[in-house]
Amino acid sequence: MSLADRILRLDRRIIFILVALGTALPLLVPVNLPITVTPRVEAAYDTIDQLPAGSTVLFSLDYEPDVSAELQPMTVAIMRHCFRKNFKVVALTLYPAGPGLVEPAIRIAAEAEHKVRNKDYAFLGYKSGFQTVMIGMGESIRSQFPVDFYGTPLDSIPVMRGIRNYGEIALLVNLTASSAADYWIQFAVGRYRKPMVLGATAVMATDYYPYLSSKQLLGLIGGMKGAAEYEKRMDLFGDARRGMDAQSLVHVIVTLLVILGNVALFASRRGTGTR
Amino acid sequence: MYLGPLVLTFVVGTVLIALYFIPNHAAQEVNAQLLLWATIVYAFALILGSVSLMGTHWRKIRLRAEGSFFSWVAIVALVATTLMGVVWGVAEKSPLDRFYNAVNSPLASTMFALLAFFIASAAFRAFRARNVEATLLLVTAVVMMIGRVSIGEFIWPGFPALTEWLLDVPNLAAKRAIAIGVGLGAISTALKIILGIERSYLGRQR
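Protein chains in written order, with our numbering: chain A, 1 to 275; chain B, 276 to 481.
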């Protein structure tokens, strides 16, 4: 068997070992590769940064543990930005396994910026039904969330006073790994004319470029790279920036493997005389 | 025999579409009430899903099918997590919170992380320049993989701009076409259901 054929039949366990090393080594020995903030993330940052003082920002954090590596650092970074600007933050999740991630993320961001639950932010918890919750909140947030995640009636939460529906919300931030973003765009943006910023997983982000050009989205933060850019814009060094070295090296490994596979394919074809 | 469900679908479908476009306060009150009903139906769907899950796994256990041990695991996990949530609540440091952080979260993350290994292996075997289309896909994939991470800019400063162009022009055009197609398809399917032409949701073809 020629060398080219051996490469083409490369044992996948070797690829697994290379990927494992590519992930682990940069996390153990960080290189801190430079990160440039792209226009989409800059637009998201500017949209939040330019909101008037005292604005209320609604976060819909629709994700579960499988994508937490990408979206959890994003949540913390954006929420810290809102807290630094002294905005009122109202968060909810439309995923049943969401509260377990969302609640600690809000707590981490709030503690870092010295904010207090119910005074500066509220976590409404989980509610099933994407469209019905979104449309229902347009009429009354209390009809969908009579009590918050901790069982406190919304009328007893100081930060919720005067917030009845989308009318009192300055911006919607949706961080998601699902079609929840499509529904938010249809209902909160399309029907209630709320400005919206989207944070999505890297594989999903490409789906939402049409909404950027139509201005239905004012900013798009894609994957761990987007989260790392936001952290850089915030002058933070969080989990996303820590993870970017590993992601970079794994991408390089996969690219080199693809190139190697193609070189071997051409060499093998030349050796057998096939075209 | 299907007249009742068909009429109900037609009435609810047309009324909800009409209410969406009527800005009148009374109409929106009716809309809000109907949405509240829909939320209750969603809650029942969760119960139905749990019962169906239990039924499927119980059947496997009864028949001693292959892998029935895992059916026990699924049933015990379902019952235990439900009880934890109902009895001790879902607050921070509650048993459910601890279980979620110690079991559910790492398991879900691990399952997703495994994808990195399989995608790397699949990319090595699938991205082969066998013809013009495959070569185009291969080159685009390589540019995107390198251009969308920090090291891309380090290798060649033009990578980020090139990836932005790929996303802004070819990607945007294709996605927009797909979105319009899907939108028109959804309208057509909805109309077929409301008008009773599409009846497979009733559980039987007629």
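If you are wondering where the hints come from, they were derived from the structure by calculation, not from laboratory data.
Warning: the hint list may mix true and false statements.
To be verified - Across the chosen pairs, the derived CB separations fall in these ranges:
1. A:H114 x B:N376: 45 to 53 Å
2. A:N118 x B:P381: 50 to 58 Å
3. A:Y192 x B:F345: 39 to 47 Å
4. B:A340 x A:P34: 34 to 42 Å
5. A:P30 x B:M329: 40 to 48 Å
6. A:H114 x B:V351: 50 to 58 Å
7. B:R339 x A:V37: 31 to 39 Å
8. A:D235 x B:V351: 18 to 26 Å
9. B:V351 x A:D49: 35 to 43 Å
Quick reminder that beta carbons are idealized off the backbone N, C-alpha and C, glycines included.
Do the hints match the structure? See the list:
| no. | hint | result |
| --- | --- | --- |
| 1 | A:H114 x B:N376: 45 to 53 Å | violated, 25 Å |
| 2 | A:N118 x B:P381: 50 to 58 Å | violated, 31 Å |
| 3 | A:Y192 x B:F345: 39 to 47 Å | holds, 45 Å |
| 4 | B:A340 x A:P34: 34 to 42 Å | violated, 55 Å |
| 5 | A:P30 x B:M329: 40 to 48 Å | holds, 47 Å |
| 6 | A:H114 x B:V351: 50 to 58 Å | violated, 43 Å |
| 7 | B:R339 x A:V37: 31 to 39 Å | violated, 59 Å |
| 8 | A:D235 x B:V351: 18 to 26 Å | violated, 48 Å |
| 9 | B:V351 x A:D49: 35 to 43 Å | violated, 49 Å |
Hint violations for this structure: numbers 1, 2, 4, 6, 7, 8, 9, all remaining hints satisfied.
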